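Q: Chains as they are written, first to last, in the numbering used here: chain R, 1114 to 1216; chain D, 896 to 1568.
Don't take every hint at face value.
Not everything, but these chain D residues come out facing chain R in the computed CB check (under 8 Å) [claimed, not checked]: (1) Ser972; (2) Arg1476; (3) Ser1544; (4) Leu1552; (5) Ala1553.
Every beta carbon over 10 Å from chain D, so not counted as near; a handful from chain R, in silico [said to hold, decoys possible]: (6) Pro1119; (7) Val1120; (8) Val1138; (9) Met1149; (10) Phe1179; (11) Ala1185; (12) Val1191.
Don't read these hints as lab results, they were simulated from the structure. As the structure is a computational prediction, the values presented were derived from the model and not from experiment. Yeah, the Cβ is synthetic: ideal placement off N, Cα and C, and Gly gets one too.
What follows is each chain in one-letter form.
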Amino acid sequence: MINDVPVSYYLLLSAILFAIGAGGVLIRRNAIVVLMCIEMMMNAVNLSFVAFSRYLDSAAGQIFVFMIMAVAAVEVAVGLALLVELNRHKQTVNTDEMNSLKG
Amino acid sequence: MIQLIWLTIFLPIVGVVLNGIWGRRLGYQVVGAVASLAVLGAFMVGVIAAFQLGQTGAVVVPLWTWAAIGDFNVSVSLLVDPLSLLMVLVVTGVGFLIHVYATDYMVHRAENGPAHPDRDYARFFTFLNLFIASMLVLVLGDNYLLMYVGWELVGLCSYLLIGFWFDRPAQEQDPIDLGPGRPPVKLFPLLSPAASGLKAFIVNRIGDVGFALGVFLLWTTFGTLQFAPIFAEAPRVAQTMPAAITWIALLLFIGAVGKSAQIPLYVWLPDAMAGPTPVSALIHAATMVTAGVYMIARSHVLYTLSPGVSMLVAFIGAATALFAATIALVQVDLKRILAYSTVSQLGYMFLAAGVGAYTSAMFHLTTHAFFKALLFLGAGSVMHALHDVIDIRRMGGLKNKMKLTWLTFLAGGLALAGFPFISGFFSKDEILAKTYQASTALWLIGVLTAGLTAFYTFRAVFIVFYGRPRDQYLYDHAHESRWPITAALVMLAILALAGGILGLPAELLHGFGLDAPHFIANWLEPVYLAAEHTAAEPGHHLPFMVELSLFLISATVAIGGMFVAWIFYRVRPTIPQTLARNLRPIFVLLANKYYVDEKIYTPFVVKPGLKLAEAMAKGVDVLLLDRLLVDGTAKVIGRGGRWLSYLQSGYLRHYVLATFVGVLAVVSYFFLR
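Chain D extracted, bound-state conformation:
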């Protein structure tokens, strides 16, 4: 079955072909079923492969030779090892639930009326399947070039899906009211879906340039792009050319920064909310943004060999985690709160990867996929009930109307907030413990971020589901979603609650005399076994008391954050407004996302970029290429032809005379030579 791993990519592509060609003629139920079953099939193949792989390490499945030009040889072969299989299972497993959810989400129902599937229902599922297939190419490729192919395909799919509703206009945002006597806080308008898709694509392209350069450098340094020989050679190369390894690690990291939305290339991700909600869930949980983390986890050998870059990775990760969490504190758009939370949680994963805890990064990636997908789908369920309203200022009290959505969202919220013994708690605690070993300062940032995360998560939960309805009309018409939506929510809620079992803190439990396996660590051990030997300092375990204190601090911070949110939004609902009124400059700064888009990117990047593009279009394209080269060539040929045509008198004798003169000339040349 491992040899058949290509089926995981092939099945979604079958879905793409079926729905892409005949989708409009098939009924929408058929389209949804084909798309979902394709991903389910891929998941099944992944599960069977996982059972067969066991602890044998890695299997390379060669498919065909892609390019063989002299020394340059790239094969299309798939690498099946614990790391890639874990990703396959996350991508297809969570992806399948999102597909099931989307089959109903993309159908709009008038009250008690007939169902109206989105007019581009088939296009949507074609892209969704393509997204899964692209991500699997990225994950399963056994060389950097194939990874790059998947990397670019994922970028393309994000563009197609974020801009799915390309004809919808940009949206104004209502200003935030700060009570009587204070001017309301104005917000910048949101980008239109088409612009958001473009933004995601272009920002990612910037990172991709780094990745591409890294791949070139890998080729010139190692003479191959395949993982196994590169990682085997890397320690030796690091001795002779340490700079090359450092540059490779740095360039690959630039790619990861773009795809995984870290500072400074995170700006595309909040705007990705313009896409349909299942897309947000897919991009933010299972696919796209995890690509950067996966790539660094895959290239761990290179990063272990360049501690400076690893430190940078950890630093950027920590900075992003804190930065995004502060923005999430005051956002009024439910999906944007979750989007900034994703940026923040990805920061955690980079922090973990930066301090060498790749297993923890992958663990957090997995649990995050569960609970973030759940939260997004929950938000989508709320949106569905409220006719696409996503502003939390118009929600409230929804727990009475949408019991299942409420409970599952609560489960996701607990996991994100890091409530003790729920999946997110274990993975986050593990990252914090590993960070503590590396740097106390980074650990402090991590803990602070954890507190903020718990706060903003439950701010959203309390505002959306508790209290009195703020918009009576919307509240009265709210209703629970139908089974494909709730079923996906329930499945993900179970995963989000119980996902922690995958990585129980074995050493801590061992201190209590309990024996618990750390499934993910054990599973990934073959991949990272080599890394531990090459690591600069061998991993040492923290003393039991320190470990326990860290555990307790994590728990306290999470519960503390939730408690503050409870005080702010349930017990004394006036506190937030008072705070905002008194700390107005800070509030405005946060509500406007530090003005990064408007005051930094727009004047310094977007406008010069547009000017440059305009100059290139007018100067180089129109003047140089069109006028001078293209039109110029045509004119020179045309004029020349007209001049030469004067030689044509049309009189036969002229031609004959010319022939005679010519013959005479040739003959006399040969005679007089």
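The following block holds chain R by itself, in its conformation from the complex:
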């Protein structure tokens, strides 16, 4: 049944998810939401990996997905830790207020 759905649909969904994620990263100011949007972008990529893996009958795509999940987990761990620390210093998670690198 799953073979009946063409791979282009998956790719389209993946692209839409990626664009939403990218838009969120660009537009939202809440750092937690930004992180979530990044996760969303990664999952969009994962989706196309899995779709291709299925389509091409190759396990390589699945391996990449595991890789990306591991990296994403690590990233969230580090990113959240940083955010907690930043929040403690600045009492905010608004990215626009974290601008001490401004020239």
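Mind docking chain D on chain R? Use the hints.
A: Relative to the frame of chain R, chain D by itself:
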């Protein structure tokens, strides 16, 4: 032992290290002993090496390879041959006596009070040992580069030592009184010790440029800097490129002119008197100024191959000898009389080298080292007794107070004046005889100079040691110096009196049926044997009668000069003043040293030099380098950084957007390619 010749350089360096690092903590007696023993040790090594060398010619002692870059290969190796060993013995022998002398000279004693060593006693002996070591490097190096190293080190040491009392101010000179009715002759002030050291250093640097260029040219011409291959190749090169040999000889001579104080670079030497007296003795007798003579004697092959330059050397030498002797006639500063005398005697050595009589030049160098060191140390002893007064117009009658100083100074004076059968006589007579063979005109200049030398030497002797005291207070407080000073004086006096034995006129004595060896000629024979074969005209001997007449003329002139001095300063003491009053313009000219420093060097060299330096400092250094290049670079980077910092908004989304745009650009580039 010859293989251990490096010890002669090493031992003084040990002295430098010991005194340089721990000198201030050691007692001054220890410092003096270490410095003197280091030089004595070097002398011993030299003596043993001299016995072992015999007549075997030359031994090269390789130490290590200094630089090997492609074809360019310079080794640090020492050349032990009769010429270098003679220099080693003169430098360390006379140098040792000067060290012993200095151990007491640099101590000031209040009357019957405690001894006060100079506050920089250790620094003094460190430099003194360094001077000896540098000179030995110069003398023993077996290539021109090593010689150049020693050459520069000697220049450095002269700077350090002449300016030793760097905090002393410049001194005014009392005008010379010419009796009632005539205005006194004003003299220019003397340079301060610091300025004198600087002057010596800079004037020498001018000559060194010539030497350095000569070394470069030697390298491009011969492809090596070692003496032996250069001298072996030189005759062949002279056939194909005579100009190269001429230029090398000329450039090396420029170096020698600076170091050995010949016209026109002699001006630093009289001012070198600002240093402590043992330094004057060391510079003027045993080290520094003899370097130029040694270098030309060493490079004799090159000079034999370029007769034109040799003629120039002889001419400059003769001109300097006469020129400096005339200045010495009227100087009132005892050390300056001796300084101009050194310039003059060095002129003799160059005259000898120029006419091809290298052996005679080395002979005169040796005897001159003995008697000039003696005279300087004698002058120092007088200064010590008179609380640093050096103006002969305040001395007189000192022979009653300082018997040993008087007698030894007299011995040195006789040798300098060329009194028959005393060292200076033989060496000077030999030079004059050799000059006579080459050119009668140069010989006449030489004879005239000999007469002037005898006159001014005994003018000084008579004024300082005879007659009535001119300054009763100084006279009353004068006393003989202590043993290290007098011992050195006595040793040098013996050498000055008997040094002539080293080079008795063998041919003349042979005419009388006597057989006497010419030690120095025999000793140096291996070095100059080759030279005689390559010489344009083989050395011919003068007929016996001519030789005898020259001998008698030399003797007559020397005694004549002394006799005139005796008349002028003992029998009719009014004559000098009358002469000076009647020949006032000449007297003023001589007393002011022909105004060479004040009217030629100051306006034409020193002032333009200072202006140029100032322009370079302000224009090139401050404006171009500091403001434009250094500050400019910093400003460009700073401004650029500030402009770039406007790109940093600090908003996370801006950075992310930039990243996305960048990634998009890269990806689309690869898609659309």
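Q: Decide, hint by hint, whether the structure agrees.
A: Outcome of the hint check:
1. Ser972: violated, 64 Å
2. Arg1476: violated, 87 Å
3. Ser1544: holds, 6 Å
4. Leu1552: This interface hint holds because 6 Å falls under the 8 Å limit.
5. Ala1553: Hint violated; Ala1553 of chain D Cβ to chain R Cβ min 11 Å, cut 8 Å.
6. Pro1119: holds, 22 Å
7. Val1120: Holds, since 19 Å exceeds 10 Å.
8. Val1138: violated, 5 Å
9. Met1149: holds, 14 Å
10. Phe1179: Nearest chain D Cβ is 24 Å from Phe1179 of chain R, so the label holds.
11. Ala1185: holds, 17 Å
12. Val1191: holds, 16 Å
Hints 1, 2, 5, 8 from the earlier list are contradicted by this structure; the remaining hints agree with it.
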